[in-house]
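**Student:** These are the residues of each chain, in order.
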Amino acid sequence: MIGKLFLTLATLALLHAAYSTYEHLSLLKALGKPEGSLPLDIVYESVLALILGLLGASLNAPPLKDITWASEMKKRTIDGMDSRLGFAQYKSRGKLLFANPHGDKE
Amino acid sequence: MSLQSALEQLAAHRIKNTRASQDVFRNGLLVLQKKGLKKLGDDGKSFHYTCQNVTHKLLRLPAGWTFLEQLTLASIDVGRLDIADQCLQLIADKFPNSPRVDCLTGIRIEATESPETALKYYAEILEADSANAGIWKRRISVLRRTGKVEKAVNELVQFLDTFYTDVEGWLELADIYASCNQYEHSLQALTHVLLLTPQNPFYMLQAAETAYTAEDFPLAIKMFLTVVDMTDGDDSEQLLQESTPLGITVRAWFGVKLCARRIAQNTNMKSPSNTSLPKKVELLDELATERLRVAYSSSGQKGEIAKGRQEVFAWVAAPLA
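Heads up: the sequence lines are chains P and X, in that order.
All residue numbers for the first sequence refer to my numbering, where the first residue is 1 and numbers rise by one.
All residue numbers for the second sequence refer to my numbering, where the first residue is 1001 and numbers rise by one.
Treat the hints with care, since some could be wrong.
Below, simulated EDC-like cross-link-like pairs (lysine to aspartate or glutamate); rule was C-alpha separation at most 16 Å, straight line [stated by the list, open to error]:
#1 P:K91 to X:E1215
#2 X:K1016 to P:E72
#3 X:K1151 to X:E1116
#4 P:K91 to X:E1113
Since the hints were derived computationally from the structure, they do not count as laboratory data.
No experiment lies behind these values; they were computed from the predicted model shown.
With these hints in hand, go ahead and build the complete structure from the sequences.
**Tutor:** Have a look at this one:
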């Protein structure tokens, strides 16, 4: 929640800083002045957007998973490991067991 | 049950390779219907038409095609060949010359036609491309199903000579040998599986149990202890507390106890694989007893007692020799 909020704020701040830069440069061009350095508040805004974005991305990350094989194997079952789906036999009693008793499809 | 949870369950089945056809069919049908209802509107269109609409929307998802394949196989398993045909038609339209689609078509033929028809279909494809692994596997499966086990084994051995790294194939070979009670050959096939997947405790457990059935008790006890090591080994922060064995670790401890009993009954047994006997069988037996008692005394949910606890306690309390 907070992570997404930070990310949104950071994106908005960055877009705002970019637009301010564009306006500033077009103002300079209109006035005929040479291009100097960016005004300091736009720089601060961009750095703030960077920090907020970092925080937001870190908080927004999905929950961490274990890296050991043992922890992954704890989640598996014998049926999954032994299924051999390439050789599985599809002619089974499923057709009779799971068919609708009245024979209509759906 | 929502669309999201259905899709998650389907993805989980794909990752874990389980063959839960009823569950997949139920979830898959829900996915089809939910997506179809969005397009359905007020006039009641037929199910066939909704399926068409659905899949057009669905197939923009990257997992859309694997989902259709999964649903096809599950429908064939459950017996709903109408849905299987629809999904298969969509996949075949999109991917006309694909070997995977050939496999699916072959499975569809296997489900209704006679085995000879299926074998003829596979023979045609294998003539055109003799290294088509999927089709070769299906052929071996049909041979096994119709009882031509020796032919199936020969073909499977040839297949494994060509595709050595196919773990499924080695497992199938081990299963065929075990079903014919040739446990030493089964164990040999399983050693290849262990070479290919050394980190997998399930295959080590299968090998241990096969070794036990083949009466190679020193090898079996070593393998059971390796399984315990693999599954329970790295609880470094729980050294001071009791850690309860769970899952296949319990099965492995049962195996250790069984092997320890057999070894104690016959202290100078020869192992067919020349494995050395463990030096302190009594201590291993005590350890296995204690671990099984812990496994069956830990209270589960709501403090209820583990099922079968009395029987297990009585069995482990029996003397060794």
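**Student:** Run every hint past the structure and note whether it holds.
**Tutor:** Structure-based check of each hint:
At most 16 Å may separate the alpha-carbon atoms for a hinted pair to count; K91 of chain P and E1215 of chain X exceed this at roughly 35 Å. A C-alpha spacing of about 11 Å is found between K1016 of chain X and E72 of chain P, which places the hinted pair at or below 16 Å, so the restraint holds. A hinted pair counts as satisfied when its Cα atoms are at most 16 Å apart, and K1151 of chain X with E1116 of chain X qualifies at roughly 15 Å. Straight-line distance between C-alpha atoms of K91 of chain P and E1113 of chain X comes to about 10 Å, which keeps the hinted pair within the 16 Å bound.
When each numbered hint is compared with the structure, a violation occurs for hint 1 only.
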